[in-house]
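**Q** With the hints as extra help, turn the sequences into a complete structure.
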Amino acid sequence: MNAVIKADRLTKQFGDFVAVDHISFEINPGEIFGFLGANGAGKTTAMRMLCGLSRPSSGRAEVAGFDAARYPEEIKKHIGYMSQRFSLYGDLTVAENIRFFGGVYGLGRRQIKEKSNELIARLQLQKEAGQLVRSLPLGWKQRLAFSIAILHDPKIVFLDEPTGGVDPLSRKQFWDLIYETADKGITIFVTTHYLDEAEYCDRLSIMVDGRIDVLGSPGELKAKFKVETMEDVFYLFARRAKNTE
Amino acid sequence: MDRLLNFIKKEFLQVFRDRKSLLMLIGLPVVQIVLFGFALTNEIKNAKIVVVDFAKDIGSQQIITKLASSGYFQIKKTLMNHDQIEAAFKEGNVKLAIVFPDHFYEELLHLHSARIEVLADASDPNTATTLVNYITSIINDYDGQLLPSADVPYQITPEIRMLYNPDLKGAPNFVPGVMAMVLLLICVMMTSISIVREKELGTMEVLLVSPVRPIMVIVSKMIPYLVISLVDLASILLLSVYALGLPIRGSIVLLFAISFVFIITALSLGLLISTVTSSQESAMTLSMLSMMLPTTILGGYMFPIENMPVPLQLLSNVVPARWYYIIIKAVMLKGLGFSYIWKETLILSGMAIFFLVVSLRNFKPRLE
Amino acid sequence: MIELNHISKAYKEGAVKALADITLCVNEGELFGLIGPDGSGKTSLFQLITTLRLADIGSASVNGLDVVKDYAAIRAIIGYMPGKFSLYQDLTVKENLTFFCSIFRTTIQASQGLINDIYVQLKPFEHRLAGQLSGGMKQKLALCCALIHKPKVLFLDEPTTGVDAVSRREFWEMLKRLNASGITIMVSTAYMDEAIQCKRIGLIQSGKLLSTDTPEGIINSFPDPLFAIRSEDIRKLLKDLRAYGKTKSCYASGEYLHATFLNDNPSEEVFALLQKLGHHSIEIKKSTPTVEDSFIQLMKS
Chain U
1 MNAVIKADRL TKQFGDFVAV DHISFEINPG EIFGFLGANG AGKTTAMRML CGLSRPSSGR
61 AEVAGFDAAR YPEEIKKHIG YMSQRFSLYG DLTVAENIRF FGGVYGLGRR QIKEKSNELI
121 ARLQLQKEAG QLVRSLPLGW KQRLAFSIAI LHDPKIVFLD EPTGGVDPLS RKQFWDLIYE
181 TADKGITIFV TTHYLDEAEY CDRLSIMVDG RIDVLGSPGE LKAKFKVETM EDVFYLFARR
241 AKNTE
Chain H
246 MDRLLNFIKK EFLQVFRDRK SLLMLIGLPV VQIVLFGFAL TNEIKNAKIV VVDFAKDIGS
306 QQIITKLASS GYFQIKKTLM NHDQIEAAFK EGNVKLAIVF PDHFYEELLH LHSARIEVLA
366 DASDPNTATT LVNYITSIIN DYDGQLLPSA DVPYQITPEI RMLYNPDLKG APNFVPGVMA
426 MVLLLICVMM TSISIVREKE LGTMEVLLVS PVRPIMVIVS KMIPYLVISL VDLASILLLS
486 VYALGLPIRG SIVLLFAISF VFIITALSLG LLISTVTSSQ ESAMTLSMLS MMLPTTILGG
546 YMFPIENMPV PLQLLSNVVP ARWYYIIIKA VMLKGLGFSY IWKETLILSG MAIFFLVVSL
606 RNFKPRLE
Chain B
614 MIELNHISKA YKEGAVKALA DITLCVNEGE LFGLIGPDGS GKTSLFQLIT TLRLADIGSA
674 SVNGLDVVKD YAAIRAIIGY MPGKFSLYQD LTVKENLTFF CSIFRTTIQA SQGLINDIYV
734 QLKPFEHRLA GQLSGGMKQK LALCCALIHK PKVLFLDEPT TGVDAVSRRE FWEMLKRLNA
794 SGITIMVSTA YMDEAIQCKR IGLIQSGKLL STDTPEGIIN SFPDPLFAIR SEDIRKLLKD
854 LRAYGKTKSC YASGEYLHAT FLNDNPSEEV FALLQKLGHH SIEIKKSTPT VEDSFIQLMK
914 S
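Taken in order, these protein sequences are the chains called U, H and B. First residue of the first sequence? That's 1 in the working numbering, and the numbers climb one at a time after it. First residue of the second sequence? That's 246 in the working numbering, and the numbers climb one at a time after it. First residue of the third sequence? That's 614 in the working numbering, and the numbers climb one at a time after it.
To be clear, the hints were calculated from the coordinates, so they are not data collected in a lab. Honestly, I wouldn't trust all of these hints.
Pairs of lysine-lysine, DSS-like flavour, derived with a Cα cap of 30 Å [said to hold, decoys possible]:
hint: 1; chain 1: B; residue 1: Lys-697; chain 2: H; residue 2: Lys-609
hint: 2; chain 1: B; residue 1: Lys-789; chain 2: U; residue 2: Lys-184
hint: 3; chain 1: B; residue 1: Lys-859; chain 2: B; residue 2: Lys-899
hint: 4; chain 1: B; residue 1: Lys-789; chain 2: B; residue 2: Lys-697
hint: 5; chain 1: U; residue 1: Lys-127; chain 2: B; residue 2: Lys-861
hint: 6; chain 1: U; residue 1: Lys-184; chain 2: B; residue 2: Lys-697
hint: 7; chain 1: B; residue 1: Lys-625; chain 2: U; residue 2: Lys-115
Note that the coordinates shown come from a computational prediction; the quantities given were computed from them, not determined experimentally.
**A** Have a look at this one:
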């Protein structure tokens, strides 16, 4: 299987400070990959390089078949992105948001209409389609943001802490969406603070001080370190971090 | 191209949904046109002048009548002698004095030339120059009308003296204006922003839920700006005296005392604004709209208040800077003492107390 | 120690109902957790009890003092850590501490006993601007400043949001030690797993209190037997179980699926069904519900 994301000794340096330290991994199509680590460990910096938003200092990253350093614009055409702050316009309606982002992704008018109807039906937002997004409950906004991030059927979707502060039911429903999406063959790259969500991933990595210290499926890792839960695994590693201050 | 339209469409949607910005984008230009087009003008009408008529003959009477009916002048008083002129200027409202010498008309007819003394209050050099020009043209008119068929033209020469500012420097006019603006800027805007910032950051919550009395929070916010404004005031004065060559004729102590009262007013207004806004942006916008704009337009140093339509004149009475400006000019340029400005000082002090009380009352010990 | 009676509050002239008829009691010396998602009313509730806002209906008191009339007295005995980090980002750690000490008319030395544990962690960063600390450190500093005057009651509004798992764990260790020293603590969080660290918890959603009890009590009132099920293909398992007619609820929870069924002993039937559908390594066991399971259950009803 051709890996959809390849990182080979990917590094980012700011002056003397090494934010991302020679990380290497491969992610396969349709995988749900969890990208874990404490604040300040380098997760966001690494993600930015993979999204084509930041240039690597050294090493290589290939995303959706394109070299991140040389063709960042191409990468952006094949990926979706959703951050915790939801990246939707609160002062536009649901329908307007869909239409706008559809246009941004370069979809034609008919396509947008089709996908818009699909999306609204899937999320059951028929009554809310004309409402301003900021009046929606948090859980609905999240699911809407995610659906919009994959509107253009990208190969990969990057989720930056997508489930913060939501009630547990909404969180489950969100992950239902993620599963559906992965089943369609879209690769999911997600960072999260919730360690139970780490269990939902096919594989995951833990970053510490810019390095990837742990990589594998939840089952493998728990067996390897002889612990019961992912939280225990995390605790074993993130504790050692020097860079959290 | 499609994408560009997509973005533009979205931007328009967002602009139209933002009521506050819409008000500014559409409302403000309308207000400005109305104000500048109809209400504000640099033209001078009904300027108050005094006349000293030693001649009391046809010539002086005719000229006085011409002046009175020109629409530019309003003869406030007819004085008996020169000494009264200074007092009239000090009272404040008089912009110009004309003195007709003895035997004015006789001299004019026999010698075909005569002199008139014109004294103008040049603390506002623009107004003074304009008024002098009006007088000169009216007198020339009169010259021409006198005996058109005469072979030697009649010539009345106005001897012009610019009082308080003989060099017609612009500084005497704008320095007090700058003083008012600077104090307002520091005290109103910065105070309100500083208090609102605490609210925005959340530190205000922590302070409120502590044993500290709210008044302490307020006072601690105001004092730095009070000190800074006094320091700024001192530097403005120093610069005016030494760099611009502008003398301070009156008492410096009085100057600072009045400024102190004005500062208190401005600080209270800053506090008041902070109690009705919840973001630093709106604090700044409100400060600008409610303070800077009215002060610039109605303060009296860019556009003469006497020439505004009555409703605007009434409105300007409520602008604290207007009174501050009058007092400062009187003290700095004319060297007047407290006895001349007590009325304006009383008004300014009244405003200071009023706003202080209102703003303190409005400051709530809770978040709402 | 803390009492709320039929508290209701709405914003924007009644359009947004933040709190609906909340009645709640926190005993002296308790560590009470208010568990609920964003927008459920936790912050409004805190602001009300700490006398920062007024309720539309109902009454509340802290240590017998009424929040409306005796607000000044209450403010003298409580410590409060609001949601976002609310110390001065442009002052150093030491400057912040000194400032808050002076507000409460005490010194760092005097409050040593209480804050020492946290203070030793902060000491190396004494001269760093508060804004440059990591999330976990910021929260520790904020906690210090809230404790400085030895409050009787401590209110913490989502102190661990956005903080990594390790720092969260350490923070809760600190809270428990503080609680052990006699301080009543009321803390809100959106993390379900932090709930079991509390003596009693209140589950809040959309301004309504769904349940108030000890964690065990809440778990025990879970109506149906809960089963933890897993197989090699979790995603297929989820689909299949949801399609099964007798499944009442089914969702992912860690490495297992949590499911309830219409009958009380479905294990054999379900096992057979799953085998038929081609699942391997099937595991079905009865499981104790977690606070999260209870919350979801309460939300649905």
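**Q** Flag every earlier hint the structure violates by its number, smallest first.
**A** Failing hints, ascending: 2, 6, 7.
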